[in-house]
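Between the sequences and the hints, there should be enough to build the whole structure, so can you do that?
Each chain, written out:
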Amino acid sequence: MEREQIKSALESLLFVAEGPLSLRRLGEILAGAESKEIAALLEEIKVACESVGRGIRLVEVAGGYQFRTASENADWVKRLYQLKPQRMSRATLETLAIVAYRQPVTRAEIEKIRGVDVGAVLATLMDRRLLRVVARKDVPGRPFLYGTTPEFLETFSLNDLSQLPTLKEAEELARTSPTANLPAPENSEP
Amino acid sequence: MSFRVQLEIFEGPLDLLLHLIKKNEVAITDVSLGAITEQYLATLELMQGLNLNVAGEFLVMAATLIHIKSRMLVPADDADQEQEEEDPASDLIQQLLEYQRFKEAAEQLQSREQLRRDVFVRQEPTVENNEGVEFERVSLFDLLSAMRDALAKLPQEAAHEVVLEQASVRDKMSFILDHLRRNGHVLFQSLFGAATSRLEIIVTFLAVLELVRIRALRARQDTHAGPILLELAAPLDAGGGLAQKESEETDGGTRAD
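Each protein sequence line maps, in turn, to chains B and Y. Counting in our numbering, the first sequence runs from 2 upward without gaps. Counting in our numbering, the second sequence runs from 26 upward without gaps.
Derived from the structure by calculation, the hints contain no laboratory data. Please note that a few of the clues may not be correct.
[What the hints assert, rightly or not] The calculated label-pair distances, taken between Cβ atoms and stated as ranges, are:
#, chain 1, residue 1, chain 2, residue 2, range
1, Y, Asn49, B, Arg129, 43 to 49 Å
2, Y, Asp55, B, Ala109, 28 to 34 Å
3, Y, Pro252, B, Glu44, 57 to 63 Å
4, B, Gly120, Y, Asp116, 20 to 26 Å
5, Y, Asp116, B, Leu162, 25 to 31 Å
6, Y, Leu77, B, Arg80, 35 to 41 Å
7, Y, Glu63, B, Val140, 36 to 42 Å
[As the list claims (entries may be wrong)] Straight-line distance between alpha carbons at most 30 Å, and here's what the computed DSSO-like set of lysine-lysine pairs gives:
#, chain 1, residue 1, chain 2, residue 2
8, B, Lys37, B, Lys79
9, B, Lys169, B, Lys113
10, B, Lys47, B, Lys79
11, B, Lys169, Y, Lys48
12, Y, Lys48, B, Lys47
13, Y, Lys48, B, Lys85
14, B, Lys113, B, Lys138
15, B, Lys138, B, Lys169
16, B, Lys169, Y, Lys47
17, B, Lys37, B, Lys47
18, B, Lys47, Y, Lys94
19, Y, Lys47, Y, Lys94
[Claimed, not checked] In silico contact screen, one side only, chain Y against chain B (beta carbon under 10 Å); selected entries:
#, residue
20, Gly37
21, Asp40
22, Glu63
23, Gln64
24, Leu84
25, Ala87
26, Asp112
27, Gln120
28, Ala131
29, Gln139
30, Phe145
31, Val146
32, Arg243
33, Pro252
34, Glu256
Please read all numbers here as calculations on a predicted model, not as lab measurements. Glycine included, every Cβ here is placed at the ideal spot set by N, Cα and C.
Here is the structure:
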């Protein structure tokens, strides 16, 4: 296959795909194309998308490639789908963060960190398929161990968990006043 | 001493403590737990005064703080020093530091480009879209009044004369078969032209279905959504046999009259 043909095929595949397409999957479909070449072509598409005036971006997320709308067009897309602005509550985000960094983790361990009951939040996050039960802990009661899902990576535009920013070290936090350099917490949430 | 506390929505006692520490502009490790305890209790009192539902966790933390404060008032003796590892104050500080780390991590998650908030992918599952649509809750009374409206819109017929309609599936089957014997075929749609009532249309339709079911006739359609042509399925020289079959099959309960 010609280089341009492959590039064109890649665009079509990414356009119709429902989820991120991994390099391996693309290689399987475009049999005969080397994955090194595919990667280079994807990079070309990515760069082309980032040029001024384009409304689509090619992003690497959850171990694959996916076309996404440019973030500056969010308001228009929401209008198309009549979506209400979706804001995750602080309870949701804190619980997600704890699971993301500490997984696999039990409910009791999450509650110890947050200092409050997280049963309802966990249930919601499981419903939204951002978290899942990955195993049971081998302690009395055999509690569930929670972990994040590929949907979590997709939602937060992460390619894999190693892309999460490193947690601040405790000593570092101890030296600074809490959240002094961060914007005031949002109060808009019910 | 009077406090002016602007109430925020606190995620829990740790969140409230961090908020108070921040207001005091000190590092978590340098905080005076005595002062913080007073402010914490004052906030709790305010929350209760406002009839806010103060969750049990807030009260547990209040007890912990008072316990820590009381320990600080009592001069440390040797026994206490041996138990230093169990110092509730340093436990609490550790817990606050830990919570602070994840609070910041949560804020970083929040600031990331988020799917379905900042960016979108094609083929949003329709389920997701529906979730965005809020249906209003309706009560039983709403339903009742909606029904009353619907009934009111019905045309009022002052009097209705009831006549016994003489339409049975069997009669219609015979009628259709007779017609086919004479003409060979008939347009499905044309069967309803002469119908004078809703019941007759239904009966005619049932008759056609029954005839197709017993394979007395065939229905054909040449184009999608085009006219449907009905024709006899078998040659009629054995007409008696067919009639026999027809009556056997229909005695079983397809009477619609």
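Outcome of the hint check:
no. : hint                            : result
1   : Y:Asn49 / B:Arg129: 43 to 49 Å  : violated, 37 Å
2   : Y:Asp55 / B:Ala109: 28 to 34 Å  : holds, 30 Å
3   : Y:Pro252 / B:Glu44: 57 to 63 Å  : holds, 59 Å
4   : B:Gly120 / Y:Asp116: 20 to 26 Å : holds, 24 Å
5   : Y:Asp116 / B:Leu162: 25 to 31 Å : holds, 29 Å
6   : Y:Leu77 / B:Arg80: 35 to 41 Å   : holds, 37 Å
7   : Y:Glu63 / B:Val140: 36 to 42 Å  : holds, 39 Å
8   : B:Lys37 / B:Lys79               : violated, 37 Å
9   : B:Lys169 / B:Lys113             : holds, 19 Å
10  : B:Lys47 / B:Lys79               : holds, 24 Å
11  : B:Lys169 / Y:Lys48              : holds, 21 Å
12  : Y:Lys48 / B:Lys47               : violated, 46 Å
13  : Y:Lys48 / B:Lys85               : violated, 34 Å
14  : B:Lys113 / B:Lys138             : holds, 16 Å
15  : B:Lys138 / B:Lys169             : holds, 27 Å
16  : B:Lys169 / Y:Lys47              : holds, 18 Å
17  : B:Lys37 / B:Lys47               : holds, 15 Å
18  : B:Lys47 / Y:Lys94               : violated, 59 Å
19  : Y:Lys47 / Y:Lys94               : holds, 20 Å
20  : Gly37                           : holds, 4 Å
21  : Asp40                           : holds, 8 Å
22  : Glu63                           : violated, 19 Å
23  : Gln64                           : violated, 15 Å
24  : Leu84                           : violated, 12 Å
25  : Ala87                           : violated, 13 Å
26  : Asp112                          : violated, 16 Å
27  : Gln120                          : holds, 7 Å
28  : Ala131                          : holds, 4 Å
29  : Gln139                          : holds, 6 Å
30  : Phe145                          : holds, 5 Å
31  : Val146                          : holds, 5 Å
32  : Arg243                          : violated, 42 Å
33  : Pro252                          : violated, 39 Å
34  : Glu256                          : violated, 46 Å
When the structure is compared with the earlier hints, violations turn up for hints 1, 8, 12, 13, 18, 22, 23, 24, 25, 26, 32, 33, 34 and for no others.
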